[in-house]
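Novice: Add chain B to chain E, keeping to what the hints say.
One-letter residues, chain by chain:
There are 2 protein chains.
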Amino acid sequence: MTTDQLISQIKLKKSFLAVGLDVDLDKIPPHLLQLEDPIFEFNKAIIDATHDLCVAYKPNIAFFEAYGIKGWMALQKTINYINDNYPDIFTIADAKRGDIGNTSSMYAKAFFEDLNFDSITVAPYMGKDSVEPFLAFENKHTIMLALTSNEGAFDFQTLEVNGKELYKQVLETSKSWKNSKNLMYVVGATKAEYFTEVRKIVPDSFLLVPGVGAQGGSLAEVCKYGMNDNIGLLINSSRAIIYASKDTDFAEKARAEALKMQKEMSGIVRKMFQV
Amino acid sequence: MTTDQLISQIKLKKSFLAVGLDVDLDKIPPHLLQLEDPIFEFNKAIIDATHDLCVAYKPNIAFFEAYGIKGWMALQKTINYINDNYPDIFTIADAKRGDIGNTSSMYAKAFFEDLNFDSITVAPYMGKDSVEPFLAFENKHTIMLALTSNEGAFDFQTLEVNGKELYKQVLETSKSWKNSKNLMYVVGATKAEYFTEVRKIVPDSFLLVPGVGAQGGSLAEVCKYGMNDNIGLLINSSRAIIYASKDTDFAEKARAEALKMQKEMSGIVRKMFQV
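Going down the list, the sequences are from chains E and B.
Basically this note's numbering = 1-based index in the first sequence + 664.
Basically this note's numbering = 1-based index in the second sequence + 664.
Please note: incorrect hints may appear among the correct ones.
Any copy, or any two copies together, can satisfy a pair, since identical chains are not distinguished.
Quick list of in silico lysine to aspartate or glutamate cross-link-like pairs, EDC-like style, CA-CA up to 20 Å [stated by the list, open to error]:
#, residue 1, residue 2
1, K917, D778
2, K677, D793
3, K734, D778
4, K734, D701
5, K804, E916
6, K691, D778
7, K773, D688
8, K773, D686
9, K804, D688
10, K677, E824
11, K773, D716
These aren't lab readings, by the way, just hints derived from the structure by calculation.
This structure is a prediction, so every number in the text was calculated from the model and none was measured.
Next up, chain E with everything else stripped away, as it sits in the complex (with noise of 0.2 Å):
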């Protein structure tokens, strides 16, 4: 999908939210438990239920591998569910991969190719040639680490290099690197403040923000900040929508979650685009 695209979608959804699914057997609702495929079941029921309200889906490969094979299989029946059903839907592998050259390089071939992802998210720690052949991939996005919503973010993102904190030198450099453009960051909510600070670096840039909601984020504080033009923000939550409920109303509570945020979305979608 190309950033026009994302773009298109938004306006005429009215949302810019991304659902993340952090699919885990404990947390669902006891009676999926039965079915050959629970975890796809789940996911299958959340698409169907909110896939009008968000623009991206983020599957956690994190959840899937915890499973071994039958997490893969879930995952592969997962993004195959949303590709063939909801094609205008961007998907995001939320993997935070990163290694040397040719590493990289089979990353990028088992999310871009073999399982068709439209991004994935990566980690900066080993520096250009650890992101570029991500890059490397035409209408493929690489949503890098700059600044993440955990507590954890402070103890190297933040400290100061050559005059700056670290997560604007990632950002600084990362610009320089062959197809840059096919970058976005992910930046948490949690510090909304920063959206100031990163903007003045990637002012056109899509931003994934996770921590809205039950990390203690405030969507109306990110917007403020983190905006720009196209919007170029991509709102995550994953918890407070896919469990909302863990009866057998899972997925109409979800969807509720969903609206209420993409409601809130909407007004702001219209504003900047007068539409």
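Specialist: Below, chain B without anything else, positioned relative to chain E:
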């Protein structure tokens, strides 16, 4: 496996070699491609031919994920084969994982429980709560990136923070984390002079050292600056061993390459332990 058991194996085998399993279907002997599971058959032959010369195997997870479900099945068969037939071998999932706490817990479950690896490589960028879930596993080892062997290592890892290079800050900070005794570190062989600095901060930890051979690092240099009283090094070699031949003699040639390294190591181990 405990660290003491690993040290015993080093003494017994007079080797601190780790063999990296980066299996690329384009690089393995063509005659294997007719088999049902060429990746596993290749690994099995390499393992059978080298297990007495090395103390560890390091499957590179990207190379399995690139082949989807088939790749994941080959990974499962490979780790089971090692654990069932050579239980004294230390196993390393080279995965470079790391995410917020609940997600890192799922990765730890995937690699420590479901696949039963002894260790996993992780990335430090997200800090303490992204690594501690791995450290919580008794007799499992978390091998964190400090200074890598690739060109991009100089993008961020060697930038100065708090009057020292970032990788030194990463080493120091990690020592305060819960169960930090379960940490090992990745330090690339291509930067042998850095080992002196690393050893000032983590004198007792094991270091996993990529970059000897194909990437240009010297074993003698690494040992000179990087060894401690228990050797404290796992020297990884991947391509130089597993792709020594593309013919039907690939396992034999892999053994010959592994033997060259083991011989060089043998003298070092004998001298260290007076055995």
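Novice: If a hint holds in the structure, say so; if it does not, say that too.
Specialist: How the hints compare with the structure:
Taking identical chains as interchangeable, the C-alpha atoms of K917 and D778 are never at most 20 Å apart, the minima being 33 Å within one chain and 32 Å between chains. Taking CA atoms no more than 20 Å apart as the test, K677 paired with D793 passes in neither setting, with 37 Å inside one copy and 36 Å between copies. Taking the shortest Cα distances, K734 and D778 sit within 20 Å of each other both inside one copy (17 Å) and across copies (11 Å). When the C-alpha separation of K734 and D701 is checked against a cutoff of 20 Å, the pair qualifies both within a copy, at 8 Å, and between copies, at 18 Å.
For a Cα distance limit of 20 Å, the shortest separation of K804 from E916 qualifies neither inside one copy, at 32 Å, nor across copies, at 42 Å. Taking the shortest Cα distances, K691 and D778 sit within 20 Å of each other only across copies (19 Å), while inside one copy they are farther apart (29 Å). Proximity of K773 and D688 under a CA criterion of 20 Å is satisfied inter-copy only: 12 Å between copies versus 26 Å inside one chain copy. When the C-alpha separation of K773 and D686 is checked against a cutoff of 20 Å, the pair qualifies only between copies, where the shortest distance is 14 Å, while the shortest distance within a copy is 23 Å.
Taking identical chains as interchangeable, the C-alpha atoms of K804 and D688 are never at most 20 Å apart, the minima being 28 Å within one chain and 23 Å between chains. Proximity of K677 to E824 under the C-alpha cut-off of 20 Å is found in neither arrangement, the shortest distances being 40 Å within a copy and 45 Å between copies. In this assembly of identical chains, K773 and D716 lie within 20 Å of each other by CA distance neither inside one copy nor across copies; the values are 29 Å within and 34 Å between.
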